[in-house]
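Student: Working from the sequences, and respecting the hints, build out all of it.
Protein chains: 2
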Amino acid sequence: MRVLVTGVGGFLGSHLAGRLLDRGHAVVGTTWGTSTDLLRVELHEVDLLDPVGLASVVRTVMPEAIIHLAGLSHVGESWQRPADYFQVNVLGTENVLDAALEAGNCRVLLASSAEVYGLVPEERQPIVETEPVAPRTPYALTKAAAERLTVRAGGVVARCFNLVGPGQSDRFALPAFASQLAAIKKGEQDAVLKVGNLSARRDFVHVSDGVAALALLAELGNPGEIYNVASGRAFSIAEALDRLISISGLKVEIKEDKERLRPVDMPLLEGDAAKLRALGWKPEKDLDAALGELWAAVRG
Amino acid sequence: MRVLVTGVGGFLGSHLAGRLLDRGHAVVGTTWGTSTDLLRVELHEVDLLDPVGLASVVRTVMPEAIIHLAGLSHVGESWQRPADYFQVNVLGTENVLDAALEAGNCRVLLASSAEVYGLVPEERQPIVETEPVAPRTPYALTKAAAERLTVRAGGVVARCFNLVGPGQSDRFALPAFASQLAAIKKGEQDAVLKVGNLSARRDFVHVSDGVAALALLAELGNPGEIYNVASGRAFSIAEALDRLISISGLKVEIKEDKERLRPVDMPLLEGDAAKLRALGWKPEKDLDAALGELWAAVRG
Chain C
1 MRVLVTGVGG
11 FLGSHLAGRL
21 LDRGHAVVGT
31 TWGTSTDLLR
41 VELHEVDLLD
51 PVGLASVVRT
61 VMPEAIIHLA
71 GLSHVGESWQ
81 RPADYFQVNV
91 LGTENVLDAA
101 LEAGNCRVLL
111 ASSAEVYGLV
121 PEERQPIVET
131 EPVAPRTPYA
141 LTKAAAERLT
151 VRAGGVVARC
161 FNLVGPGQSD
171 RFALPAFASQ
181 LAAIKKGEQD
191 AVLKVGNLSA
201 RRDFVHVSDG
211 VAALALLAEL
221 GNPGEIYNVA
231 SGRAFSIAEA
241 LDRLISISGL
251 KVEIKEDKER
261 LRPVDMPLLE
271 GDAAKLRALG
281 WKPEKDLDAA
291 LGELWAAVRG
Chain W
1001 MRVLVTGVGG
1011 FLGSHLAGRL
1021 LDRGHAVVGT
1031 TWGTSTDLLR
1041 VELHEVDLLD
1051 PVGLASVVRT
1061 VMPEAIIHLA
1071 GLSHVGESWQ
1081 RPADYFQVNV
1091 LGTENVLDAA
1101 LEAGNCRVLL
1111 ASSAEVYGLV
1121 PEERQPIVET
1131 EPVAPRTPYA
1141 LTKAAAERLT
1151 VRAGGVVARC
1161 FNLVGPGQSD
1171 RFALPAFASQ
1181 LAAIKKGEQD
1191 AVLKVGNLSA
1201 RRDFVHVSDG
1211 VAALALLAEL
1221 GNPGEIYNVA
1231 SGRAFSIAEA
1241 LDRLISISGL
1251 KVEIKEDKER
1261 LRPVDMPLLE
1271 GDAAKLRALG
1281 WKPEKDLDAA
1291 LGELWAAVRG
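Sequence order for the protein chains is C and W. The first sequence begins at 1 in my numbering and counts up by one. The second sequence begins at 1001 in my numbering and counts up by one.
Some hints here could point you the wrong way.
[Claimed, not checked] Some chain W residues judged to face chain C by a derived CB distance under 7 angstroms, without partners named:
id	residue
1	G1018
2	P1082
3	A1083
4	F1086
5	A1134
6	P1135
7	R1136
8	A1145
9	A1183
10	I1245
Honestly, the hints are just simulated from the structure, not real lab data. We put the CB at the ideal spot given by N, CA and C, even for glycine.
Tutor: See below:
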């Protein structure tokens, strides 16, 4: 299959490109404002918000599937930049859908987020896809809107819970902890680790399992359907941090940093991925493996 | 024409029903949780979020057009209740679009808001419809998303600037001022008027001109097109308040109330309605007329 991956230079993009190539697919990627040096991936630099440029890339590539990863993905930042989040995540998705439609016979898979579920009572968790979306943050509002556009255009939606592994920006919690631990190990920082809300519980999925799900859904996902990408088990951020510290072998003091707290934080997001599992997916790696790889990538 | 008006019990709904009846249309309305006693309007109580119930109403009524007013419309409140705003404004609109599609040959007009434009530099005002949307508030994010769904389904969008006149909830600035003035006049409140941000400049449209625009667009709007409903002239809230006080003939002290300030407030929203005017619309009543009617309705 010939697959176009938008935002191939990002955290998921590099992992996904590797996965697709391993499975024998041809991979073309788009980037915008980020440099990347993925071997065997044909790259096109194009702005999602340029419908003409994007359609031209799609027409040139003629992919059988587009896996649409490009977007703004930081919940905290979305409170400061809602308009940018709307434009990139909603209008950008619309441009991808239009370009795919114009190119004919091209499936679109949107990478979305469990954040769209919002505050779901514990007794309705792990969450199934039929749970009504109830987005609580600008980021989640834009992803929920992009989902609706995708579903209506016959695309497939992957609602990803917390993907974790090497390569994620340290604006996110676990990579931020890993970077601080690495700095502490190198003596660049006192042995004090700054943290935000540690009580939130999240369903962590190893990034390699996450991209395997995306690759599978791009091939086998039902048009207009939504699939959770989740392990089915939640850990608190505190527990993930404890494991990471233990993997690092360091002794550190933990200190709350008000700057790292968010206006709204869901206490629990745990997903039921039975629908995805029915297509043959199952997670192969656990949280410890993800944390181990994350640590290995940053410890220097 | 047989027209179904969603949210007919609201501020715009009652004015619009009158306008449509005057023009010889048959009017059917939906309400939900509000009571209304509109003469000559057949009413159906149905939740926008109940797609089956809504589709059943539409199938029964078989309208030639749906004017979709129902929704949550308070910018300030949307920061507290983003999930409700998403569900009602986005999923509700989707249900209306689906019901219309199922009923066949039924036009949909969505009442949207100039808030979707966000912070537009003064030199690009009055704003034309080609200005990229850049929503900055949860309310605006949901309306911008609802617009995209409507446009893609071949519906028409009316992007309303500040509609003003009798009947608007006093959670909005001018009706809140009018209510306070009425209370002062009746001796129920000291002669101190509590206000929020008075420096914001807004393009006020008399509600009767606003609903005339909606009625016109339901008949003549081009499928998939967006139309500003605007006077082309902005006044500061301070100026509108001065005029209202002068109309009331009262002497009052003005006091800023921090509770009434919003996290984000656009300094200027002024619209260019050339596209709507080309269909034959023009505003017939000015701000003073709207304020006069508003005052007459509340002064008791």
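Student: Next, verify each hint and record whether it holds.
Tutor: Taking the hints in turn, this is what the structure says about them:
Hint status for W:G1018 relative to chain C: violated, with the closest Cβ pair at about 34 angstroms, above 7 angstroms. The interface hint given for W:P1082 is met, as the beta carbon of that residue sits about 5 angstroms from the closest beta carbon of chain C, less than 7 angstroms. A least Cβ separation of about 4 angstroms between W:A1083 and chain C falls short of the 7 angstroms threshold, and the interface hint therefore holds. With 7 angstroms as the threshold, the beta carbon of W:F1086 comes within range of chain C, its nearest partner Cβ sitting at about 5 angstroms, so the hint holds.
A hinted interface residue such as W:A1134 counts as satisfied when its beta carbon comes closer than 7 angstroms to some beta carbon of chain C; here the least separation is about 4 angstroms, so the hint holds. Taken as an interface hint, W:P1135 checks out: its beta carbon lies about 5 angstroms from the nearest beta carbon of chain C, inside 7 angstroms. The beta carbon of W:R1136 is positioned within 7 angstroms of a beta carbon in chain C (closest approach about 5 angstroms), and the interface hint is therefore held. About 4 angstroms separates the beta-carbon of W:A1145 from the nearest beta-carbon of chain C, less than 7 angstroms, and the hint is met.
Violation of the interface hint for W:A1183 is found here, the shortest Cβ-Cβ separation to chain C being roughly 34 angstroms, above the 7 angstroms cut-off. For W:I1245, the interface hint is violated, since its Cβ never comes within 7 angstroms of a Cβ in chain C; the closest pair sits about 35 angstroms apart.
Checked against the numbered hints given earlier, this structure breaks hints 1, 9 and 10; the rest are met.
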